[in-house]
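As a plain string of letters, each chain reads:
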Amino acid sequence: MSTIAVQDHGHGHAHHEDGHGHHHDTFLTKYIFSQDHKMIAKQFLITGITMAFLAMIMSILFRIQLAYPDKSFPFLETLLGHFAPEGHISPDFYMSLVTIHGTIMVFFVLTAGLSGTFSNLLIPLQVGARDMASPFMNMLSYWFFFMASIVMLSSFFVQTGPASGGWTVYPPLSALPKAMPGSGTGMTLWLISMVLFVASSLMGGINYVSTVLNMRTKGMDLWKMPLTIWAFFLTAILGVLAFPVLVAGVVLLIFDRSFGTSFYLSDIVLNGQVMPYEGGSPILFQHLFWFLGHPEVYIIIMPAMGIASEVMSVNSRKPIFGYHAMVYSLIGITVLSFIVWGHHMFVTGMNPFLGGVFMITTLIIAVPSAVKTFNWLATLWRGNIRFTPAMLFAIGMVSFFISGGITGIFLGNAALDINLHDTYFVVAHFHLVMGSAAIFGMLCGVYHWFPKMFGRMMDAKLGYLHFWLTFIGAYLVFFPMHFMGLDGVPRRYYAFTEFESMKRWLSVNVFITWSAIVAGLAQVAFIYNFIHSIFWGKRTVQNPWNANTLEWTAPIEHFHGNWEGEIPTVYRWPYDYSKPGAEHDFIQQTVPFSQTMESNLPEDFEDNEGALEEQQKWANTQRANEQVK
Amino acid sequence: MAQIQQEDKMALGPKKFNMWIFIFTSFMFFAALTSGFIVYSGGRGHGINLKLPNVFMYSTACIVISSVTMFLASKAAKSLQFAKQRQYLWLTMLLGVLFFIIQLIGWSQLINMGVYFVNNNASQSFIYVFTGMHLIHIIAGLLLIANTLRGSYKNIPQVKNLFGMEMSSIFWHFIDIIWIYLYVFLLLNQY
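Chains A and B supply the protein sequences, listed in that same order. The first sequence begins at 1 in this note's numbering and counts up one residue at a time. The second sequence begins at 1 in this note's numbering and counts up one residue at a time.
Misleading hints may appear alongside valid ones.
Distance condition first, Cα-Cα at most 27 Å in a straight line; then the derived DSSO-like pairs of lysine-lysine [what the hints assert, rightly or not]: (1) A:Lys218 to B:Lys16; (2) A:Lys30 to A:Lys538; (3) A:Lys218 to A:Lys579; (4) A:Lys218 to B:Lys160; (5) B:Lys15 to B:Lys154; (6) A:Lys629 to A:Lys579; (7) B:Lys15 to A:Lys218; (8) A:Lys617 to A:Lys629; (9) B:Lys16 to B:Lys160; (10) B:Lys15 to B:Lys160; (11) A:Lys224 to B:Lys16; (12) A:Lys538 to A:Lys461; (13) B:Lys84 to B:Lys16; (14) A:Lys30 to B:Lys15; (15) B:Lys75 to B:Lys154; (16) A:Lys224 to B:Lys15; (17) B:Lys78 to B:Lys15; (18) A:Lys579 to A:Lys224.
If you want a taste of the chain A side facing chain B, the calculated C-beta under 7 Å gives, among others [what the hints assert, rightly or not]: (19) Ala133; (20) Ser134; (21) Val209; (22) Ser210; (23) Val240; (24) Leu241; (25) Pro244; (26) Val247; (27) Gly260; (28) Ser262; (29) Phe263; (30) Glu278; (31) Ser281; (32) Leu284; (33) His287.
Bear in mind the hints are in silico, worked out from the structure with no lab data behind them. All values derive from a computational prediction rather than experimental measurement. Using N, Cα and C, we set each Cβ at its ideal position, and we do this for glycine too.
Take the sequences, apply the hints, and build the full model.
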């Protein structure tokens, strides 16, 4: 008890000092142009959630079209105006919805919203730093992202509608402004938005890498970092290496669009007119795009993996199974993700030998992924599991990753992919493995670190409701799509009634659409919970989940600098849960081994023979005392 | 309250590291462009099919010398000879601008040879893309040097002066090397 009192005294004192030394923030510097990583994380999160809701509404709009291609919905015309004449979503706008839904989900929600939020929040807090390497650049990163979001959404207010050539913006649809309505101003806005977005991502990524490598607190060597940090770090490396390649591809695309060069264009007849472009190669764009595009899917899933690993370990009250294997598999995924991009291009007339090479690398990447999956399951095995909402979402993430990942093995084979390419099978695959899985990782992070972000708890019951509806809903939406794909139903088709072979799938579409609507409504439970808890949630204690990592040693109250006084020193890895002999079922990273003599193990002293000797001496004395008794 | 230990409050080390990572991103950008060239010219059988104007040799000499003057400026800054530092920085900027102009002259010579940017042989368009994207980096480098120069005139603390000096010279040497890479790449692919 006395130690607690002393600590309290120290707290009050420190606050006092802090009040003097701290410059006063105005509303503008505190909430808007903040350079504090915690505030920037919240900005990213709230913008990301907003974008996610918009993208979700878009998906429900085009799902309505898919389920009822012949029905007229007057409210659609009220909502969308000339994009839905007579209550029917127009074919062009349908393409726009699909395109912008994909773009927003992939880039704005699951890249910026996920990495931006949790890298910003957790990197300085978990490695023990006062802020990022360059807080100013970090602020710019958010504001570039914000501008990118505004520009992307503004394309809905353009007469010809947003970009509509698919989120991969393949030329020629993206390179010829007159190719289709969305290729005009909408496509230009898309390109501007993405340039801003890439700038934002790079600034963020550079900061994350630099902070992790340079600003760790005393004792925090790389092998004492939580898996979240490993995941964010490697994700940032992927982004830093992959996004410039997209810029290169987009620069050439802009030259083709606006200057008349022929990098990607050749032999084109537009509206009966022969275009002057000659000699270009649209496949070149696909190479450049997918060299980013494939690492991008790992940029999406790796933070979710890191978050799930951390949350599962905390809530199983067990060390993560195979910490080193988890790190090495993340590294393996990072390296391999750069040499698999060709599996998106099996049907481009690729040399079959090259296709074979890409097939092998793709199948190899299943190995580290499987290592991670087995380790998660082994972490759960015989754990003392606490089913918090965050834990449920982490388990849900693993579930989606397994069921979506298995179909990846099918699709990775060129011989199967040539049949399944661009069918609903692919849609089902990536919506489960990177869409749902990553979203669940993100939601898991929100539920778990909400107390850290806002100092209050989210309501658990609403969390359970949200989880079960979303989990079941997502499976009901995406699972049937596998069968449509096996039957050869292509993706992105506007009206199933127009094709004899696809008509029989209409009833399935109705089912999927209603599942999507229910799953969409479930998000209302989340957003209500989120907003309500920010203002009126139950106040949290400093370490609500009894977790080991450093962020829970920082005071609940936020201020720029994270810790009063000295940054805590780290003595042990972050996964000392339920260590035999220990007093509690968790030992924070800041507790030195000298305070836990009864639970230390020989392997805790691998590089420290002196301490091992001390430990053995202590054990001998203990034994001697036992004998005396 | 316990005294806060010596912390790197300005995080200058990590900020310098940021520059190194940025150089990686920039390198990836040029690597992507040159790989794009290889994929394009390999797949389509279009080479550059011309001899590059000789003025690019002069611009190369120019930027190599500017790297030397940049190094001398860093050396002067480290030995507290600020007048000399400024002198060499000015010289570096001058050479940078000269490089910029010579590149533009190179473009005009290409145009006189009938090699346009808008071209059905995109291999030739790539020459403009490489040099143009590199020139954007040159502008950024010149701005960095100008910023360091401004700091030097304002007599900012030596720590910050050296920091600015290091940041701008890392970047300047990098764009020097990138140009040599691009030039050699183009020379090897002339025919």
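Hint check:
1. With a C-alpha separation of about 21 Å, the suggested pair A:Lys218 and B:Lys16 falls inside the 27 Å cut-off, and the hint holds.
2. A hinted pair counts as satisfied when its Cα atoms are at most 27 Å apart, and A:Lys30 with A:Lys538 qualifies at roughly 24 Å.
3. Using a Cα cut-off of 27 Å, the hinted pair A:Lys218 and A:Lys579 holds, with the two alpha carbons roughly 24 Å apart.
4. Restraint check for A:Lys218 and B:Lys160: satisfied, since their Cα atoms lie roughly 26 Å apart, inside the 27 Å limit.
5. A threshold of 27 Å between alpha carbons decides the hint, and for B:Lys15 with B:Lys154 the separation of about 22 Å falls inside it, so the pair holds.
6. The hinted pair formed by A:Lys629 and A:Lys579 meets the criterion: a straight-line CA distance of about 26 Å does not exceed 27 Å.
7. A threshold of 27 Å between alpha carbons decides the hint, and for B:Lys15 with A:Lys218 the separation of about 19 Å falls inside it, so the pair holds.
8. Pair hint A:Lys617 plus A:Lys629 holds up; C-alpha atoms about 19 Å apart against a cutoff of 27 Å.
9. A distance of roughly 12 Å separates the Cα atoms of B:Lys16 and B:Lys160; the hinted pair therefore holds under the 27 Å criterion.
10. Between B:Lys15 and B:Lys160 the CA atoms are separated by roughly 12 Å; this keeps the pair inside 27 Å, and the hint holds.
11. The hinted pair formed by A:Lys224 and B:Lys16 meets the criterion: a straight-line CA distance of about 25 Å does not exceed 27 Å.
12. Pair hint A:Lys538 plus A:Lys461 holds up; C-alpha atoms about 13 Å apart against a cutoff of 27 Å.
13. Restraint check for B:Lys84 and B:Lys16: the C-alpha separation of about 24 Å stays at or below 27 Å, so the hint holds.
14. About 23 Å separates the Cα atoms of A:Lys30 and B:Lys15, which keeps this hinted pair within 27 Å; it holds.
15. For the hint linking B:Lys75 to B:Lys154, the alpha-carbon distance of about 19 Å falls within 27 Å, and the restraint holds.
16. With a CA separation close to 24 Å, the supplied pair A:Lys224 and B:Lys15 stays within the 27 Å bound.
17. Between B:Lys78 and B:Lys15, the direct Cα distance comes to roughly 19 Å. Compliance with the 27 Å bound is thereby established for this hinted pair.
18. For the proposed pair A:Lys579 and A:Lys224, the alpha carbon gap of about 17 Å is at most 27 Å, so the pair holds.
19. With a cut of 7 Å, the hint placing A:Ala133 at the interface with chain B holds, because the nearest CB-to-CB distance is about 3 Å.
20. The closest approach between the C-beta of A:Ser134 and any C-beta of chain B is roughly 5 Å, which is under the 7 Å cut-off, so the hint is satisfied.
21. With its C-beta approaching chain B no nearer than about 5 Å, A:Val209 sits inside the 7 Å limit, and its interface hint holds.
22. A least Cβ separation of about 4 Å between A:Ser210 and chain B falls short of the 7 Å threshold, and the interface hint therefore holds.
23. Hint on A:Val240 holds. Least Cβ distance to chain B is approximately 5 Å, under the 7 Å limit.
24. For A:Leu241, the shortest C-beta to C-beta distance to chain B is roughly 5 Å, which falls under 7 Å, so the interface hint holds.
25. Because the beta carbon of A:Pro244 sits about 4 Å from the nearest beta carbon in chain B, less than 7 Å, this interface hint is met.
26. With a least beta-carbon distance of about 6 Å to chain B, the hint placing A:Val247 at the interface is held under the 7 Å criterion.
27. Hint status for A:Gly260: holds, given a least beta-carbon distance of 4 Å to chain B, under 7 Å.
28. A cut of 7 Å between beta carbons decides the hint on A:Ser262: the least distance to chain B is about 5 Å, and the hint holds.
29. Checking A:Phe263 against chain B by beta carbon gives a least distance of about 5 Å; that is within 7 Å, so the hint holds.
30. About 4 Å separates the beta-carbon of A:Glu278 from the nearest beta-carbon of chain B, less than 7 Å, and the hint is met.
31. A hinted interface residue such as A:Ser281 counts as satisfied when its beta carbon comes closer than 7 Å to some beta carbon of chain B; here the least separation is about 6 Å, so the hint holds.
32. Given hint, A:Leu284 at the interface with chain B, holds; its Cβ is 5 Å from that chain's nearest Cβ, closer than 7 Å.
33. The beta carbon of A:His287 comes within 6 Å of a beta carbon in chain B, closer than 7 Å, and the hint placing it at the interface holds.
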